[in-house]
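Can you make the complete structure from the sequences, with help from the hints?
Chains as they are written, first to last, in numbering that gives the first Met the number 0: chain V, 0 to 154; chain G, 0 to 149.
There may be inaccurate statements among the hints.
To be verified - Selected chain V positions facing chain G (in silico; Cβ < 8 Å): (1) Y10; (2) I55; (3) Y58; (4) P59; (5) I62; (6) V66; (7) M72; (8) P73; (9) S81.
Said to hold, decoys possible - Facing chain V, from chain G, some residues (calculated, C-beta under 10 Å): (10) K11; (11) A43; (12) I52; (13) Y55; (14) P56; (15) L66; (16) K70; (17) L77; (18) P78; (19) G88.
Derived by calculation from the structure, the hints in this document are not laboratory data. Since this is a predicted model, take the numbers as computed values, not measurements. Beta carbons are placed, not taken as given, at the ideal position from N, Cα and C, and that holds for glycine.
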Amino acid sequence: MSNRINALKKYATSQNIDLVSYLAIIFLSLFATLGSLYYSDVKGLVPCLLCWYQRIAMYPIVIITVVGLFTQMPKLRLFIASLSVPGMLIAAYHVYLQAFQLDNQFGTCSVATPCQEVQYALGGVFTIAVQSLIAFGLINVILLVSFMLLRRKNA
Amino acid sequence: MKFNNLINRSRKLVEDYHLNIVLVLSMLGVLGSLYFSDVVGLDACKACWYQRIALYPIVPITIVAQLTKVKQAYKLILPLSIIGMVVAGFQVADVAFGWNLLDLINCGDDSCTDLGFQLFGILTIPMQSLLLFLTINIVLTVRALKDYVK
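Structure representation (structure tokens):
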């Protein structure tokens, strides 16, 4: 088993780590983007205000990761993180509101679409906010892990 | 000849400070849109939200670009601002030419076309947005041309 792992390690070049991690992020963020559009435009669930802010964080991640990958942008992870970390914080706050059924203390949610309202929940637990938190969380994990792998490689 | 010199100097200024300019412009847009939605109370319609999706991320991206001194960061900003300009342009045309193709839900009381918030008596909010994206794009294009001309 460890022989196989050692043999595989030669594939973990810097370029491959970059490629795999950025492709994974593109796939993830694209899935999240299209998923959110499916909920709002196909199933007809109106996005609340916090949802829109998460969209502001998530949608551009697709664009900058694609452009950054093709232009070999240095420090691309930092650019993605500047969007995905705040996105995750907003998603976490949103999940918190839904879990305890509290109203948004910043007074920003509308009466028509309150933020704590659970309109849809996959399997009764995975509300859309939870799905969003998972998406942002995974992106951040990929960023962190790939960054640490590369750092160890170049150390 | 003096005019030529002036143009070259302005171009160089824009090339060197494009990130600062874009940061100021985009923050103006973010604060301005938040002013309209949270202070004045105009609800953002769908088209507005998509322009926000294009505009708001320009702020953190530009800040990171300035802090990390990445040279080619304008390539990340340009696609976003172009998309923003297209959406804004489509919204302005939709109202101006009467297409009414955009399904502007949450645009309560014609807040997008509300003539009461016209800057200089003529620019509605979608027009302001279009102008903002246009300016950002011009600045970034000047910077981009530096790499692709010569």
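inquiry  = Are any of the numbered hints broken by this structure? If so, which, sorted upward?
reply    = Hints 1, 10 and 19 not satisfied by this model.
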